[in-house]
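Please build the complete structure, drawing on both the sequences and the hints.
Single-letter residue listing:
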Amino acid sequence: MSLFNVFDVAGSAMNAQSLRMNVTASNLANAGDVSGDPDKVYRARQPVFSSFSTSLADQTGVAGVKLDGVVESAAPLQLRYQPDHPEADADGNVYVTNVNTVEEMVNMMSASRSYKNNVEMINTTKDLLLQTLSLGR
Amino acid sequence: MEIPALSQHEQALRFRALRNQVLSSNIANADTPNFKARDLDFGSALKGARESTINLERTSDLHKQAWGTTTHGSKMMYRMPSQPTLDGNTVAMDVEQAAFAENALQYRASLAFLDGTIRTLRYALKGGD
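Chains A and B, in that order, give the protein sequences. Numbering of the first sequence is given in my numbering, commencing with residue 1 and proceeding in unit increments. Numbering of the second sequence is given in my numbering, commencing with residue 1 and proceeding in unit increments.
Think of the hints as simulated: they come from the structure by calculation, not from any bench. From a predicted model like this one, the values you see are computed outputs, not experimental measurements. C-beta: ideal position from N, C-alpha, C; glycine also. Just so you know, not all the hints are guaranteed correct.
[Claimed, not checked] Derived Cβ-Cβ restraints for the label pairs, each shown as a range:
#, chain 1, residue 1, chain 2, residue 2, range
1, A, Leu-19, B, Leu-105, 56 to 64 Å
2, A, Lys-116, B, Leu-105, 16 to 24 Å
3, B, Lys-47, A, Ala-29, 52 to 60 Å
[To be verified] Negatives, chain A to chain B, calculated, CB over 10 Å:
#, residue
4, Asn-5
5, Pro-76
6, His-85
7, Pro-86
8, Asp-127
9, Leu-128
Structure, rendered in structure tokens:
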């Protein structure tokens, strides 16, 4: 029964979205990270999604979601003059992480909405399948 | 024995099931860069089915020819985006969700028709008991 494919597709999307939530949580947790060495500062990370089709799905054009990788943001670090900071460099500067909290909050909301959409999709399809099973009773 | 009334709805169910998959893959890929939303065209499915009609016996010219929907005739097409996106993704969540809900309802309608037909056949088999 072809409707079962929906569970795989929605499942892969839910997996991808939960991973996005994890990355966002990590970004938000490190939002205030400061260091005297620009190489040691935490940089915002973003997951990259791509669609994939299983061999069966190739014919029907049905595609799930997979994670291609996690990329670090190339946005510039913020330089802050703070000579009393224990990690300040020789010039009295510290580097602040490039995590944008507003962006991350939006990311989090988007991920949770997408996750919910997929849950609803599974519920609807499950209903349809159950109704099909009880056909003619 | 093939019962035309059953096979007609069965084909409609098949089409709805396939469309359900296509729409679910659109919703699943709502955040995938460069993903292009797709949909099945019901019109072409109906046209394909008309060309391969299910032959019901017509005892009068006033009787209409019956046809069902087949999945093999349906065309998969890319959706025209209504708004441009930065990541090249053409999934409009509201459109997809509306289409998904509509399709689920039509699947249920086909199920209801099938259920009614089965009930009627059973009624006839039992001699109206």
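Each hint, compared with the structure:
For Leu-19 of chain A and Leu-105 of chain B, the Cβ-Cβ distance of about 33 Å falls outside the hinted range of 56 to 64 Å, so the restraint is violated. Here the CB-CB span from Lys-116 of chain A to Leu-105 of chain B is close to 20 Å, well matched to the stated 16 to 24 Å. In this structure the supplied range 52 to 60 Å holds for Lys-47 of chain B paired with Ala-29 of chain A, their Cβ-Cβ distance being about 56 Å. With a cut of 10 Å on Cβ distances, Asn-5 of chain A falls inside the contact zone with chain B, its closest approach being about 5 Å.
Non-interface status of Pro-76 of chain A relative to chain B is upheld: no Cβ of that chain comes within 10 Å, the nearest being about 20 Å off. Even its closest Cβ contact with chain B, about 37 Å, leaves His-85 of chain A beyond 10 Å, as expected for a residue assigned away from the interface. With a closest Cβ-Cβ approach of about 40 Å to chain B, Pro-86 of chain A is found to remain outside the 10 Å limit, as its non-interface label requires. The claim that Asp-127 of chain A lies off the interface is violated: its Cβ sits roughly 8 Å from the closest Cβ of chain B, which falls inside the 10 Å cut-off.
For Leu-128 of chain A, the condition that its CB be more than 10 Å from all CB atoms of chain B is violated, with the nearest at approximately 5 Å.
Against the hints set out earlier in the document, violations occur for numbers 1, 4, 8, 9.
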